[in-house]
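*Asks:* Each chain is listed here by its residues.
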Amino acid sequence: MSALRVIAAGLATSVQDLGRFGYQRFGVPTAGALDRVAMAAANTIVGNRADTAVLEMLYLGATLEIAAESVRMACVGLGASLEVVEDGATRTIPAAESVRLKHGARARAIVGRNTMSCVVAVEGGFAQQPVMGSLSTFTRAGMGGVDGRNLVVGDLLPLARQDTEERGEVRLASLDLALPPRFRLVLGPQDDYFTAEALKTFLSETYEVTRAADRMGLRLTGTPLTHAKGFNIVSDGIASGAIQVPGDGQPIILLADRQTTGGYPKIATIASVDLPALGRVGPGTKLAFEAVSVEAAEELRRAQARVEAGWREALEPATPDKAIREDMLYGANLISGVADAWVGD
Amino acid sequence: MREQGLTPVPRFLPSGDTALVVEFGDRLDRHLSALVLNLRHRVQEAGIAGVSEAVPTFRSLMVHYDPLIVRARELEAHLMPLIDGLEAEALVGQRWLFPTCYEGEDYAPDLGDVAAAAGLSTAEVAAQHAAVEHLVYMIGFLPGQAYMGDLPEALNLPRRTSPRIKVPAGSVAIAIGQTTVYTNESPGGWHIIGRTAVPLFQASRDRPALLSPGDTVRFVAVSRTVYDDMQAASAEGVFDIDTLRADA
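Those protein sequence lines, which keep their order, are chains L and H.
For the first sequence, counting from 1, position 256 maps to 256 in this note's numbering; every step adds exactly one.
Quick note, this note's numbering runs 345 ahead of the 1-based positions in the second sequence.
To be clear, the hints were calculated from the coordinates, so they are not data collected in a lab.
Note that the structure is a prediction, hence the values are computed from the model and not measured.
It is possible that part of the hints are untrue.
[Claimed, not checked] Examples of chain H residues lying across from chain L (beta carbon under 8 Å, computed): (1) G361; (2) A364; (3) V366; (4) L373; (5) A379; (6) P401; (7) T402; (8) R416; (9) A468; (10) E469; (11) M483; (12) P544.
[Stated by the list, open to error] Far from chain H, some chain L residues (derived; all Cβ distances over 10 Å): (13) I7; (14) A8; (15) F21; (16) G154; (17) A160; (18) D163; (19) G168; (20) G188; (21) T226; (22) I233.
[As the list claims (entries may be wrong)] Per label pair, the in silico range of CB-to-CB distance: (23) M425(H) x E308(L): 46 to 56 Å; (24) E419(H) x R211(L): 35 to 45 Å; (25) E166(L) x D551(H): 21 to 31 Å; (26) Q389(H) x R149(L): 31 to 41 Å; (27) G88(L) x D585(H): 53 to 63 Å; (28) R375(H) x A303(L): 43 to 53 Å; (29) I510(H) x E166(L): 49 to 59 Å; (30) G582(H) x A303(L): 17 to 27 Å; (31) D585(H) x V307(L): 50 to 60 Å.
Even for Gly, the Cβ is constructed at its ideal location relative to N, Cα and C.
Go ahead and model the full structure; you've got the sequences and the hints to work with.
*Replies:* What follows is the structure, encoded as C-alpha cells:
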C-alpha cells in the first residue's frame, strides 16, 4: 500500500474536502476545509480537481514520511511552507509550489504565524471511502477521514497513487491569501434583534479573535453588542459564517464544524468570498467588518471564482535557482519564528 | 407571518450569500412546523439547481445554495410558487416506542429536582412523560438529535441554571416544553430524567438519523436490567430497530 506515514501529527490534522452536504437536516454539520481557496489552490498546483480532499493542519503542522514510490505535494496557507528532508539534505519549499518526494523523504508543514490553518494536497488524493458523500472529518461525531478523528503518530494515510511522473514543478505566484482589510458580511437573519447602536458599533469597531478559535468557530472579543429583543430565539438554521451573539454580547463566527441549528440571534453572516480568509486568522487578529448587499456578495464571489478558474493557466515553473532558494529559506525562518526551535523528529 | 387568504406569506431573510431563511414565524407551534416541513418536502421535490439542501426547524426553513449557480433573487422566485397554496396539514411520520429507564442517580439525575419543581412524585413525573406521544419537530444541533414536543404542562420547566459539562449519550432530557435525547456525549443544560439505548444515529444506515420530523415517540418505562441488556445489544451493533416500531 502506498501511504503517507505520520511522523508528527501536529495539533489537529484532518482530512477535509468541500464538506458534507445534504445531511444537515439529520443534524450532521457540513465540516469541510476552513480555507476553501487554499484547498483549491493546493489541488490545482499538484494537478488535481479543485475539490479533491486535502490534509488540513491547525496551528502546528504535521510531519509526513513518503511510504510510496513518490508523492507530489503542495502546501498552501498564509505564511505557510514545507520543510523537506530528502537524502540527508534539508530544503524549504515555499507555499503554493509543488514538490515531488521519493520514498523515505519527509515533509514538515509549517503553519504561518498567527494563522489558524494550512492545507497539504497530494497528487491523486487519498484512497479513502467517503462517509455520506464526503471524506471530511467531523471529530465530534467520529465520522469521515481516518476513523472520524484527527491524525495520530503512526497513522498510514493511504494514497490513491503509488507513483507520480517526473515533470517540471510549478508554483502559483499570483495566489493572493492576504486578509481582507474589512471582512464583508450580509446583515441578518436576526439583525432586528439588536439595537441600532449595536449594529453601528459592530460595523465601526474591531473585534479580536480570542484563543477559542477552531474548526467550530471563532469567539471574538470587543465592545459588547446590545440585544434589543433578548438573546433567545426559537432555534433556526445556521449557515457557514453566521455570527451569533449570546447573552454576553460577544460575537461568535461559526465555521465548518458548527452545529446545524441554534437558539442565539445571528446579527450577520460573513460573505462567502471572505469566509476562506477566516481560516487564516488566529488569536489576536483584529477583524473589521463591512456590510454589503446579498447581490454585492454574489458578485464578489463570482469575481473570485473567475480568478480561480484562471489558476491552471497561471501556473509557472517553480524557481530552480539555488541562490534564490536559500534566500527564501532564510526569509521563511525569519517570518515563521518556529524553524529555529525545531529539533527534528 | 401575514395571512393572505389561505396562503401563508413568510419572510425571506438572507443568511449571507449561501443560505436563505424562509421564516413562517418566531414561536414553537405545530401549525408553523407543519408549514415548514411541507415546504421542505416541496423544495426537495422541485430539485432547484444550486440548492444543496433545505433544513427545517420549528418555525423556519433554511435553504442552502451555491451562489455560483443560483442567486438569492432567483431562488426566491423559485420558492414563491412552492409556498403558494402550502397547507398546514401535518406530515404523517413513523411511530416509535423508546424503552427508557427512569431510575437512578446515574440514569435520571434530575428526576428528583423535576419532581420537586412540578409538585409531583418521581414516579408521577415518569408516568406523565411516558403517557403522551411526543412529536419530532426537528433534528438539529448534532447528528440525529431530535427535538420533540409538547410536554405535559406540569413538566414545562426552563433549562437548568448551570449546564452540565458532560451529558451521557442516550440521556432523555426535558426543558422549555420539549424532550430531547442526547445522541453523543456533549455539554447540556436540560433536565435528565432517564436513559434510553436506542441507537439514534448510524452513519452507515441509508437514512443515518433514526427519527425524522413528523415522527412520534412514546417513551416506555423499563427496568435497569432491561435497559442494560438493550445497551449491550446496542454497543454490539445487534440492536433491532424494527422492534421499536409502534405499528409493527
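*Asks:* So, for every hint listed, does it hold in this structure?
*Replies:* Checked hints:
| no. | hint | result |
| --- | --- | --- |
| 1 | G361 | holds (3 Å) |
| 2 | A364 | holds (4 Å) |
| 3 | V366 | holds (5 Å) |
| 4 | L373 | holds (5 Å) |
| 5 | A379 | violated (15 Å) |
| 6 | P401 | holds (6 Å) |
| 7 | T402 | holds (5 Å) |
| 8 | R416 | holds (5 Å) |
| 9 | A468 | violated (32 Å) |
| 10 | E469 | violated (29 Å) |
| 11 | M483 | holds (7 Å) |
| 12 | P544 | violated (13 Å) |
| 13 | I7 | holds (30 Å) |
| 14 | A8 | holds (29 Å) |
| 15 | F21 | violated (4 Å) |
| 16 | G154 | holds (25 Å) |
| 17 | A160 | holds (22 Å) |
| 18 | D163 | holds (33 Å) |
| 19 | G168 | holds (31 Å) |
| 20 | G188 | violated (5 Å) |
| 21 | T226 | holds (19 Å) |
| 22 | I233 | violated (7 Å) |
| 23 | M425(H) x E308(L): 46 to 56 Å | violated (32 Å) |
| 24 | E419(H) x R211(L): 35 to 45 Å | holds (41 Å) |
| 25 | E166(L) x D551(H): 21 to 31 Å | violated (45 Å) |
| 26 | Q389(H) x R149(L): 31 to 41 Å | holds (32 Å) |
| 27 | G88(L) x D585(H): 53 to 63 Å | holds (60 Å) |
| 28 | R375(H) x A303(L): 43 to 53 Å | holds (45 Å) |
| 29 | I510(H) x E166(L): 49 to 59 Å | holds (54 Å) |
| 30 | G582(H) x A303(L): 17 to 27 Å | violated (50 Å) |
| 31 | D585(H) x V307(L): 50 to 60 Å | holds (54 Å) |
Violated hints, listed in ascending order, are 5, 9, 10, 12, 15, 20, 22, 23, 25, 30; each of the other numbered hints is respected by the structure.
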